[in-house]
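Protein chains: 2
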Amino acid sequence: MNALKDKILASLQSHDVLSGQQLADMLGVSRTAIWKQVNALRSLGYEIQATRNKGYRLLSSPDIPLEAEVAKGLQTTVIGRSLQYFPSLSSTNSYATSLIQKGVDEGTVVVADIQTTGRGRKQRPWSSPSGGLWFSVILYPPLPPTKAMLVTMASSIAVAETFQQMLGLYAFIKWPNDVLINGKKVCGVLTELDAEMDQLHYMVVGIGINVNNDLEPSLDHIATSLQQEMESKVSRIQLLREILKRLDDYYTLLLRGKGEHIRATWLSYTTLLDKTISVTTVNAELKGTVVSVDDDGSLLLRTERGIERILSGDITLL
Amino acid sequence: MNALKDKILASLQSHDVLSGQQLADMLGVSRTAIWKQVNALRSLGYEIQATRNKGYRLLSSPDIPLEAEVAKGLQTTVIGRSLQYFPSLSSTNSYATSLIQKGVDEGTVVVADIQTTGRGRKQRPWSSPSGGLWFSVILYPPLPPTKAMLVTMASSIAVAETFQQMLGLYAFIKWPNDVLINGKKVCGVLTELDAEMDQLHYMVVGIGINVNNDLEPSLDHIATSLQQEMESKVSRIQLLREILKRLDDYYTLLLRGKGEHIRATWLSYTTLLDKTISVTTVNAELKGTVVSVDDDGSLLLRTERGIERILSGDITLL
Numbered sequence: 001m002n003a004l005k006d007k008i009l010a011s012l013q014s015h016d017v018l019s020g021q022q023l024a025d026m027l028g029v030s031r032t033a034i035w036k037q038v039n040a041l042r043s044l045g046y047e048i049q050a051t052r053n054k055g056y057r058l059l060s061s062p063d064i065p066l067e068a069e070v071a072k073g074l075q076t077t078v079i080g081r082s083l084q085y086f087p088s089l090s091s092t093n094s095y096a097t098s099l100i101q102k103g104v105d106e107g108t109v110v111v112a113d114i115q116t117t118g119r120g121r122k123q124r125p126w127s128s129p130s131g132g133l134w135f136s137v138i139l140y141p142p143l144p145p146t147k148a149m150l151v152t153m154a155s156s157i158a159v160a161e162t163f164q165q166m167l168g169l170y171a172f173i174k175w176p177n178d179v180l181i182n183g184k185k186v187c188g189v190l191t192e193l194d195a196e197m198d199q200l201h202y203m204v205v206g207i208g209i210n211v212n213n214d215l216e217p218s219l220d221h222i223a224t225s226l227q228q229e230m231e232s233k234v235s236r237i238q239l240l241r242e243i244l245k246r247l248d249d250y251y252t253l254l255l256r257g258k259g260e261h262i263r264a265t266w267l268s269y270t271t272l273l274d275k276t277i278s279v280t281t282v283n284a285e286l287k288g289t290v291v292s293v294d295d296d297g298s299l300l301l302r303t304e305r306g307i308e309r310i311l312s313g314d315i316t317l318l
Numbered sequence: 001m002n003a004l005k006d007k008i009l010a011s012l013q014s015h016d017v018l019s020g021q022q023l024a025d026m027l028g029v030s031r032t033a034i035w036k037q038v039n040a041l042r043s044l045g046y047e048i049q050a051t052r053n054k055g056y057r058l059l060s061s062p063d064i065p066l067e068a069e070v071a072k073g074l075q076t077t078v079i080g081r082s083l084q085y086f087p088s089l090s091s092t093n094s095y096a097t098s099l100i101q102k103g104v105d106e107g108t109v110v111v112a113d114i115q116t117t118g119r120g121r122k123q124r125p126w127s128s129p130s131g132g133l134w135f136s137v138i139l140y141p142p143l144p145p146t147k148a149m150l151v152t153m154a155s156s157i158a159v160a161e162t163f164q165q166m167l168g169l170y171a172f173i174k175w176p177n178d179v180l181i182n183g184k185k186v187c188g189v190l191t192e193l194d195a196e197m198d199q200l201h202y203m204v205v206g207i208g209i210n211v212n213n214d215l216e217p218s219l220d221h222i223a224t225s226l227q228q229e230m231e232s233k234v235s236r237i238q239l240l241r242e243i244l245k246r247l248d249d250y251y252t253l254l255l256r257g258k259g260e261h262i263r264a265t266w267l268s269y270t271t272l273l274d275k276t277i278s279v280t281t282v283n284a285e286l287k288g289t290v291v292s293v294d295d296d297g298s299l300l301l302r303t304e305r306g307i308e309r310i311l312s313g314d315i316t317l318l
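Just so you know, the protein sequences line up as chains A and B, in that order. Residue 272 in my numbering sits at position 272 of the first sequence, and the numbers go up by one each step. Residue 25 in my numbering sits at position 25 of the second sequence, and the numbers go up by one each step.
No wet-lab data here; the hints were simulated from the structure. Warning: the hint list may mix true and false statements.
As the list claims (entries may be wrong) - Which residues of chain A face chain B? A few of them, derived with a C-beta cut under 8 Å, are: (1) Pro145; (2) Leu190; (3) Thr191; (4) Ala195; (5) Gln199; (6) Ala264; (7) Thr271.
The C-beta atom is built at its ideal place from N, Cα and C for all residues, glycine as well.
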């Protein structure tokens, strides 16, 4: 944990009451620095009582995925070892990329309460108001770029599995990487990468989940949120922790050469197999039956002309 | 042509003599601006005579791949429409990437006489003294990243073909993308890319060729230069022009869906087929016979355990 704010919060969580001097001594900073960060926590919504002669007492916490919150009980090998939370960012992927230029550990997670210019695939805008979970994971996989899709697949599996196991919601993956509940989109994944031909330099896996945020009314028929599906608010802190755990598991598997297991798991989460669909690609509109998905993420479609391999496109179930 | 230096050079090349005032009028700039750039050209090695009452006359030109030189007779659709030459850069790939961040046309070429920190594959240093041809091409292919290797293949084909057709040297491609003459490396290709899962954002194809530069004595048994092979200096200007032409042809083919033609051509330039080799990968050392190369660039090797697909590694002919 790097940020003083997170260290203070973790200390207050593990003690009934702590004076400013005690916190200052424990964390090796001045009392003024403590006082400033206690106020910063209050402005985020933490209720912190200050009693003369006793000190600070944490009364209640909002659902904010600060590092001190998410890290509790998060035993991962790579992912989430460091986490940076911001009330607002232009885009967590863009910020993560800027961190990489400066040098940052693998597994670092960037979370924002609001993205002012959130992006989806192909530069489409992604609405990211307060209450959703918008985050990016920084990875340096020792793999060629042709294996990158397996990391993205691992991410959507981690999300779908968390929805099912933590919330009891049946989730499905729609090619390439949306997660749907009851046929409506609740999560999108935008992976960006930088590579040379036979080696990835970095990957930024951006995951956006409609949690407790209000949806745009115009998207009502195609999108949903976890709050809508559960009919109650969902903890973003717990949700993020659970997703990071599972992503860490699958990422570790992938690095051990178990990519085929990830592809097979991904296939078990898709409802597309044997379905008749139409795909709009850059060049054409194709109809056919889904046969499988390759480990480079391409869709294998049986059409009138035989098996076609679709590398990129938008699909509609017929 | 954007740079005033290139415009002045092109004007002097197409006129016997031009006064400072004539050049200033033609190019819409001040006589002082002309005077400065004429001196800049002189410092690059251009011999420009200034005669009172007559003006400037170009007496001789060094072999410097300025835009005005390379653009002569270069009829390409995308590649080389714009070219920036520098006496020295840290790395043409790095500079090209910085241009992309600012916004630059597809097909822009960056050339340097010297790279101070030239890079090869996997962050290996690449010696880039004066006299070699070190350049990068900026591309925005409307393709998924799984097709990127075909662009790199097109680049090594363009180089090998130029060596054969312009210089009569038999050139071969060594997997993944080195170009060899008489078994010694004369050219390396370092492609870097940025992408999301189903769409490339950009590619920077960096090509380094030992032309008239002195080689490090320690590399004598594995590297050669065009000058060594030809026993005379080779024009970098003509060489670059010829490579850009062929790369443009192959790139256009690729965008028309003729990737298979590129793979087949690449295969015709490799000496590896049916050869027994050993490959050092991150995880293992493998021996086997080369069967083919996939369109994602992976080597198909027949080993004792069956056909293995090698995504990345260094090979040695046995």
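Here is how each hint holds up against the structure:
no., hint, in the structure
1, Pro145, "holds, 6 Å"
2, Leu190, "holds, 6 Å"
3, Thr191, "holds, 5 Å"
4, Ala195, "holds, 6 Å"
5, Gln199, "holds, 6 Å"
6, Ala264, "violated, 18 Å"
7, Thr271, "violated, 20 Å"
The structure is inconsistent with the numbered hints 6, 7, although it conforms to all the rest.
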